[in-house]
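Start from the sequences, fold in the hints, and give me the full structure.
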Amino acid sequence: MPDYENLHDEVASFFSSRFGVAREVLDQLTFVERGGKEIWATSALTPTGIASNRPAGVRILRRMPHGFKPTTVFLCLLAEHIGTSRVEVDDVQLLKQLLLGRPIQYEIDDGYAAVSYRGDILGCAVAKGGAVRALIPTQKRRELLGCLDPES
Amino acid sequence: MIGERGLARYRTIIPRWREFVDACTRPLPVTIRVNTLRASPRDVRDRLTRKGFSLIPIAWSEDLFRVETPRVSKTIEHWLGMFYIQEAVQTLPVRVLSPQPGETILDMAAAPGGKCTHIASCMRNRGALIANEPVGKRQPSLMANINRLGVLNTTVTSYRGESFPMHARFDRVLLDAPCSAEGTLRKESTLRDGATRSAIARLSRLQQRLILRAYDLLKPGGTLVYSTCTFAPEENEGTVSHLLSKRDALLDQITLPFPAERGIIAWNDEEYAPEVARCARIYPHQIDSGGGFIARLRKPAR
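Residue numbers (the numbering used here), protein chains in the order written: chain A, 5 to 156; chain B, 30 to 331.
These are computed hints drawn from the structure, not numbers from a lab. We put the CB at the ideal spot given by N, CA and C, even for glycine. There could be a bad hint or two in this list.
[As the list claims (entries may be wrong)] The calculated lysine-lysine pairs, modelled on DSSO-like cross-linking and capped at a C-alpha distance of 27 Å, are:
#, chain 1, residue 1, chain 2, residue 2
1, A, 144, B, 80
2, A, 100, B, 80
3, B, 216, B, 166
4, B, 103, B, 216
5, A, 144, B, 166
6, A, 41, A, 100
7, A, 132, A, 41
8, B, 103, A, 100
9, A, 132, A, 100
10, B, 248, B, 275
11, A, 144, A, 41
12, B, 275, A, 144
13, A, 100, A, 144
[Said to hold, decoys possible] Sample of chain A residues lacking proximity to chain B, with all beta carbon distances greater than 12 Å (derived):
#, residue
14, 13
15, 69
16, 88
17, 111
18, 121
19, 125
Shown next, in the form of structure tokens:
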């Protein structure tokens with residue numbers, strides 16, 4: 005039987021310490037480790053006897069040698085619950101730079117961060133030595149750039 | 030033009046034929062369904078209005094808006110999964126299904142995910158939803174929409190519906206069946222001549238197999254909604270009559286929030302089970318959307 009409680013605590017601690025997410029925000033979710041490196045959040049488990057192509061929930065974290073790496077999709081879901089490690093990019097040209105793969109200068113502690121644009125969380129980034137790079141998946145970046153053009 | 034050989038065969042069963050024909054030749058309005066897992070209808074309306082979109086509420090549904098401005102799919106709100114672009118008529122089967130949080134529900138033919146994500150939203154992401162899609166190339170869009178809309182309780186499977194495993198039983202099953210899709214003719218003009226008789230016959234045989242399995246997968250007291258987006262009685266009342274002749278299913282009277290037509294009990298040389306009058310037929314000129322058919326059936330509680 006997987007140890008859901010310890011995993012839940014580990015995940016909640018990560019999001020609380022790095023992103024300031026209150027633990028109770030995650031209370032309704034079950035966390036499941038899949039494939040040794042991936043952690044998924046789900047609010048339901050598949051009924052027995054049914055083979056799935058895609059399990060319920062979303063991938064939220066990947067275990068890396070230096071710790072957890074959060075996914076864009078889960079940071080977007082956490083949205084307004086993210087209180088810290090936010091890279092506030094309200095200028096559309098600056099956001100475009102990030103999405104085009106160019107680092108921007110931003111003062112924030114080294115580590116993973118959430119890209120925020122005019123209050124919306126758009127995904128994951130990484131900060132190192134005062135520079136921030138977006139880690140949003142390529143396809144999602146393209147889609148997002150397509151959304152920005154009419155707005156810029 | 031509506032071809033005489035095709036849709037004109039429904040002239041005797043579709044009321045106000047001229048209005049129907051006129052509606053079918055008008056462009057389909059763009060409607061969005063707010064994904065209440067991610068945002069409230071007010072939030073979405075306010076945000077899109079601020080960006081210059083013109084949103085008109087749909088009177089019978091608080092989470093539906095008609096959008097009069099193009100390119101609503103190219104917005105951050107869409108990217109963030111705050112809404113789903115969906116024909117108004119396509120939201121009706123889930124309203125009739127009435128999913129509840131905590132239930133176990135099967136969407137038997139789920140891609141691209143409009144109804145499945147609507148069900149998850151009604152369930153408030155609680156309970157278990159199985160989104161089954163047997164066609165492999167339709168699965169990526171289903172999975173992308175599940176991800177985009179923040180659905181956390183949905184497992185994707187790829188069984189042929191008629192042989193979906195009987196290991197689990199469901200509180201509710203939605204069978205939005207593969208059909209000749211005549212009701213989508215406003216966006217697919219090639220359908221204005223109607224479907225061929227051979228296609229309708231082939232689909233009808235498939236639908237009969239699917240509806241039997243969908244019903245068998247219900248728990249006692251469970252609810253099955255059978256829907257199509259076609260006008261063909263063979264695929265609608267004919268399929269429901271087939272189920273009623275083979276199983277002890279109970280057919281509910283459907284009440285929709287606008288005037289709709291009842292199911293027909295006879296057409297051409299066919300007679301259907303008299304209960305099928307409790308089903309609903311929806312035509313484009315009645316709600317300025319596409320067309321469709323909905324039946325709600327229950328398995329008796331033991």
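Hints, one by one, checked against the model:
1. A:144 - B:80: OK: residue 144 of chain A and residue 80 of chain B at ~21 Å, within 27 Å.
2. A:100 - B:80: At roughly 19 Å apart (the allowed maximum being 27 Å), residue 80 of chain B and residue 100 of chain A satisfy the hint.
3. B:216 - B:166: With Cα atoms ~21 Å apart, residue 216 of chain B and residue 166 of chain B stay inside 27 Å; holds.
4. B:103 - B:216: Answer holds: residue 103 of chain B to residue 216 of chain B is near 20 Å, not above 27 Å.
5. A:144 - B:166: holds, 20 Å
6. A:41 - A:100: Answer violated: residue 41 of chain A to residue 100 of chain A is near 31 Å, above 27 Å.
7. A:132 - A:41: Roughly 23 Å between the alpha carbons, so the hint for residue 132 of chain A and residue 41 of chain A holds.
8. B:103 - A:100: holds, 15 Å
9. A:132 - A:100: holds, 19 Å
10. B:248 - B:275: The hint holds at about 17 Å.
11. A:144 - A:41: holds, 22 Å
12. B:275 - A:144: Violated. Residue 275 of chain B to residue 144 of chain A sits at ~48 Å, over the 27 Å cutoff.
13. A:100 - A:144: With Cα atoms ~13 Å apart, residue 100 of chain A and residue 144 of chain A stay inside 27 Å; holds.
14. 13: Its Cβ never comes within 12 Å of chain B, the nearest being 19 Å, so this holds.
15. 69: It holds; residue 69 of chain A is separated from chain B by about 27 Å at its closest Cβ, greater than 12 Å.
16. 88: At roughly 21 Å from the nearest Cβ of chain B, residue 88 of chain A sits farther out than 12 Å, so the non-interface label holds.
17. 111: With a cut-off of 12 Å, residue 111 of chain A remains clear of chain B, as the shortest Cβ separation is near 25 Å.
18. 121: violated, 7 Å
19. 125: violated, 9 Å
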